[in-house]
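Residue strings, one per chain:
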Amino acid sequence: AQSVTQPDIHITVSEGASLELRCNYSYGATPYLFWYVQSPGQGLQLLLKYFSGDTLVQGIKGFEAEFKRSQSSFNLRKPSVHWSDAAEYFCAVGVNYGGSQGNLIFGKGTKLSVKP
Amino acid sequence: NAGVTQTPKFRVLKTGQSMTLLCAQDMNHEYMYWYRQDPGMGLRLIHYSVGEGTTAKGEVPDGYNVSRLKKQNFLLGLESAAPSQTSVYFCASNLEGLGPDTQYFGPGTRLTVL
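Quick mapping for you: the protein sequence lines, in order, are chains A and B.
Mind the numbering: the first sequence is residues 616 to 731 in our numbering, read in order.
Mind the numbering: the second sequence is residues 3 to 116 in our numbering, read in order.
Just so you know, these hints were derived from the structure itself, not from any lab.
For every residue, glycine included, the Cβ atom is placed at its ideal position computed from N, Cα and C.
Some hints could be false.
[Said to hold, decoys possible] Rough simulated footprint, nothing fancy, chain A against chain B, three-plus residues with beta-carbon under 8 Å:
#1 18 to 24
#2 44 to 56
[Said to hold, decoys possible] Computed cross-link-like contacts, DMTMM-like style, restricted to lysine to aspartate or glutamate with a CA-CA straight-line distance of at most 20 Å:
#3 K726(A) with D669(A)
#4 K730(A) with E630(A)
#5 K664(A) with E679(A)
#6 K723(A) with E630(A)
#7 K723(A) with E703(A)
#8 K73(B) with D40(B)
#9 K726(A) with E61(B)
#10 K664(A) with E98(B)
#11 K16(B) with E81(B)
#12 K723(A) with E81(B)
#13 K723(A) with E32(B)
#14 K683(A) with E635(A)
Please model the complete structure; the sequences and the hints are all you need to start from.
Below, the structure is given as structure tokens:
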């Protein structure tokens, strides 16, 4: 069955430090991969997505993610974290049920706290 | 262009009461989705629709019904609310079911069932 695992429930980093959030997926075919961010009390905002091509994708707010097929991973990175990055981050895989129909399967999320 | 909007933002129900959550999108999207978000569970798909007049079950459909009478609206109904349905509900939409398209999310509805 398709699944997404985010091993870290909660991560705390210092402002200005680098960040890496882990995401592993289980899916038999070529995956469509997404990272969303959710600020407290808000909806989900797309950070970046991977469909094909270059395995290093750039997103908004200075985030990037690298798709590694051999490791079934799609880790999110940022070189220097800002206090405003404190939020919950969700990795998702797009599951194609045939034709154009598909749905997103989400990981359980990683909550990021930023120390001043 | 408002994107995806949800009504209401907050609601408190008593066990056994009914209610309908409204999702509206102005992007002419074909596909619409209802998710619930519970602490430590991520988002789980309740029902979805691939076009006007169609609906289908997602991962956790029990206790919910949906309707898509108009392309721009997707309604989620609770006929007899239970405390287990206390959650934050998100609606999403996109033009195609999958592929380069992206799901756009509404701001959420926080529902408490007492």
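Each hint tested on the structure:
Beta-carbon proximity to chain A at under 8 Å applies to 0 residues in the stretch 18 to 24 of chain B; the threshold of 3 is not reached and the given coverage is violated. A stretch counts as covered by a chain when three or more of its residues have a beta carbon under 8 Å from one of that chain; for the stretch 44 to 56 of chain B and chain A the count is 6, and the coverage holds. For the hint linking K726(A) to D669(A), the alpha-carbon distance of about 28 Å lies beyond 20 Å, and the restraint is violated. For the hint pairing K730(A) with E630(A), the CA-to-CA distance comes to about 6 Å; that is within 20 Å, so the pair holds.
With a C-alpha separation of about 10 Å, the suggested pairing of K664(A) with E679(A) holds against the 20 Å cut-off. Between K723(A) and E630(A) the CA atoms are separated by roughly 24 Å; this puts the pair beyond 20 Å, and the hint is violated. A threshold of 20 Å between alpha carbons decides the hint, and for K723(A) with E703(A) the separation of about 10 Å falls inside it, so the pair holds. Restraint check for K73(B) and D40(B): the C-alpha separation of about 28 Å exceeds 20 Å, so the hint is violated.
The straight-line distance between the Cα atoms of K726(A) and E61(B) is roughly 24 Å, outside the 20 Å bound, and the hint therefore fails. Restraint check for K664(A) and E98(B): satisfied, since their Cα atoms lie roughly 15 Å apart, inside the 20 Å limit. Restraint check: the Cα-Cα separation between K16(B) and E81(B) comes to about 12 Å, which is no more than 20 Å; the hinted pair holds. This hinted pair does not check out: K723(A) and E81(B) have alpha carbons roughly 28 Å apart, beyond 20 Å.
Our distance criterion of 20 Å between C-alpha atoms is broken by K723(A) and E32(B), whose separation comes to about 27 Å. Restraint check: the Cα-Cα separation between K683(A) and E635(A) comes to about 14 Å, which is no more than 20 Å; the hinted pair holds.
The structure does not agree with the numbered hints 1, 3, 6, 8, 9, 12, 13 stated previously, though it agrees with the rest.
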